[in-house]
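Enquirer: Put together the whole structure using the sequences plus the hints.
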Amino acid sequence: MFGMSPAVSNIVIMLAMMQVSRRLDLENPDILFYVRVIYITLQALTLGVYLFTKMKINAKNDLTTLKYVEPANPMSGQGETPVITTVKEYDLKQVDTQIKSVFQSLAMMGFMHLYMKYTNPLVMQSISGLKGALEANIVKIHLFGTPATGDLKRPFKSAPGLLQALSGATAGDVKTDKHSVESAEISGAGGIKED
Amino acid sequence: MLQIITSIALMAAVAAASTTVEDVASSTVWDRIKNNDWRLELITISFTLGFVVLFKIGDLYNKSLVTKFLEGTKETLEANFFQVGVSKEDLYIKDSPENYSSYATGRENIAKVNFDFKLRPRNNIFVWILEGIMSYFTEYVQKPIDKVDIVIQPSIPYDNFISAIVSKLGMNDFRKFNYFLSLTRTVDSTKIPESFVFMSEGSEFHDKLLTPALADALTIEAASYIRYIAFTDQATEKPDSPEGYAPYRRIVISMSLPSKKAQIAQISKTLDAIFSIIDGIAEKSITFKSESLKKVAKTRETELNKILKALEQERLEIEAEEKAKLKREEREKIRNLSPEEQAKLEKKESEKKQKKLQKKQRVRM
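If you read the protein sequences in the order shown, they are chains A and B.
Counting in the UniProt record's numbering, the final residue of the first sequence is number 195, and the numbers go up one at a time with none missing.
Counting in the UniProt record's numbering, the final residue of the second sequence is number 365, and the numbers go up one at a time with none missing.
Simulated from the structure, these hints should not be mistaken for lab results.
Hints should not be assumed to be uniformly reliable.
To be clear about the criterion: a stretch of chain A counts as covered by chain B if any three or more of its residues have a C-beta under 8 Å from a C-beta of chain B, and this derived list gives those stretches [unchecked claim]:
1. 62-72
2. 84-97
3. 180-194
The calculated lysine-lysine pairs, modelled on PhoX-like cross-linking and capped at a C-alpha distance of 20 Å, are [as the list claims (entries may be wrong)]:
4. A:93 with A:178
5. A:54 with A:88
6. B:147 with A:193
7. B:323 with B:306
8. A:54 with A:100
9. A:54 with A:93
10. B:63 with A:193
11. B:147 with B:68
12. B:68 with A:193
13. B:147 with B:260
14. B:94 with B:63
15. A:54 with B:143
16. A:131 with A:60
17. A:193 with B:118
18. B:143 with A:93
19. B:143 with A:100
20. B:269 with B:68
21. A:88 with B:143
From a predicted model like this one, the values you see are computed outputs, not experimental measurements.
Even for Gly, the Cβ is constructed at its ideal location relative to N, Cα and C.
Expert: Right under this line is the structure:
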């Protein structure tokens, strides 16, 4: 957004919204009502953006084969896993993770606002969902028609997590080079028990 | 949910019973029945009845799906097999409202064909809805679908290999849940519709197994119900013992249960094509180069070595653990001794050490 990295603009927005929420009289039921309406509208819009993207992906039906190697997951003790999928399925998965995160933040907000009775987060979080949606790689490709090259080349590189950034580890990235894909592909990684 | 309803009903019942003791004492049995609050019972009974009715509807629908599929493929199967169905009278066995099996046998080159149906739990509507929602949010729950796996077991000896035609829709999951597919390379090809890929241990296998009849049976739309057609000798689940790697040659045709007549007709065509491929293998009109087969054998060997190594590692770990346990026990024993005895033991140990040191020094000199 305006040439800023998403992380920076997120902080700017948060600070701005903090000022806004400080100036609002959240005890006033009228204002509270409007804050709620704005929050829900923005969340609905966010979901709408994702669902529209999903529709576009399904309409495009790009069945190009996509191969890459997912990094080992130290938490579950799983080794490197080859992923063989199609562009369509990859994109749908991306959108679904985004939609899930919307539901997650809704659940969090439900807890904070309805149970803990905080209103401030409602103001502060209202925009970030939609902003995140418009900045998501998958939305950029399908909604804005940005070509899927460079940073938007599938598979997307994951933004380094906090722990990774601190430890300077670089191992946690997807691999797409021919050698690693070809050796992982026939390594017999599958065969986990179904249900 | 039911508990909330019952508790509300109970509260209402208590509130309604605001009659005096004399009233109750003088009332007859009939009066009591009439005055009693039966709401709770009514709710429970209607709820149960509703569930039973829904169960029956779901159950019948599942049954109709299976019957439709088996009736649709019956013609092809009867032209090929002496016996179609689990017995002379029954076409299938109902294992549960979601699981059905069928069977065919009595044909040259083929020992048997097993049909394994796994349907949506339509009978239990709550489980069905819950699984549907859960599958979206966690990958530990599989999305309920109607599925049929047809496993053909040939009765002829032939070489081990894995070669499959796989639908691109969900192919990563097929690889995840099928060990044998995760041993193969995925290749796009112009010989099959773009909604399918080859997954095989060598291009020779999938090229020779794609007969004109099979190619004709695959349409671009067929990928929506055919999940994969695989020739394999390896297990579906990753084996955890060396015995699990023993070859078990079979052809697996997995699909989402088709319900349209045209789709079932297409499946019959596919089955026919597969049967004639098996005949081709039996008649040696489909054979493979020894280099390709050597490569296949090599893959089996590497995989077997992997498990042997893992088992060896496990054995060593167990041994090391046992050793550590013994040591711990000994230390515990010493700790439980009286102080004098402990001192004695320590002295002995240190003497032993000194002797060792002296020996070493002597050697050095």
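Enquirer: Hints first: check each against the structure and report whether it holds.
Expert: These are the hints, each one checked on the structure:
no.	hint	result
1	62-72	holds (count 3)
2	84-97	holds (count 5)
3	180-194	holds (count 11)
4	A:93 with A:178	violated, 23 Å
5	A:54 with A:88	holds, 10 Å
6	B:147 with A:193	holds, 16 Å
7	B:323 with B:306	violated, 26 Å
8	A:54 with A:100	holds, 13 Å
9	A:54 with A:93	holds, 10 Å
10	B:63 with A:193	violated, 27 Å
11	B:147 with B:68	holds, 14 Å
12	B:68 with A:193	violated, 29 Å
13	B:147 with B:260	holds, 14 Å
14	B:94 with B:63	holds, 8 Å
15	A:54 with B:143	holds, 19 Å
16	A:131 with A:60	violated, 25 Å
17	A:193 with B:118	holds, 15 Å
18	B:143 with A:93	holds, 14 Å
19	B:143 with A:100	holds, 16 Å
20	B:269 with B:68	holds, 16 Å
21	A:88 with B:143	holds, 19 Å
In this structure, the hints that do not hold are numbers 4, 7, 10, 12 and 16, in rising order.
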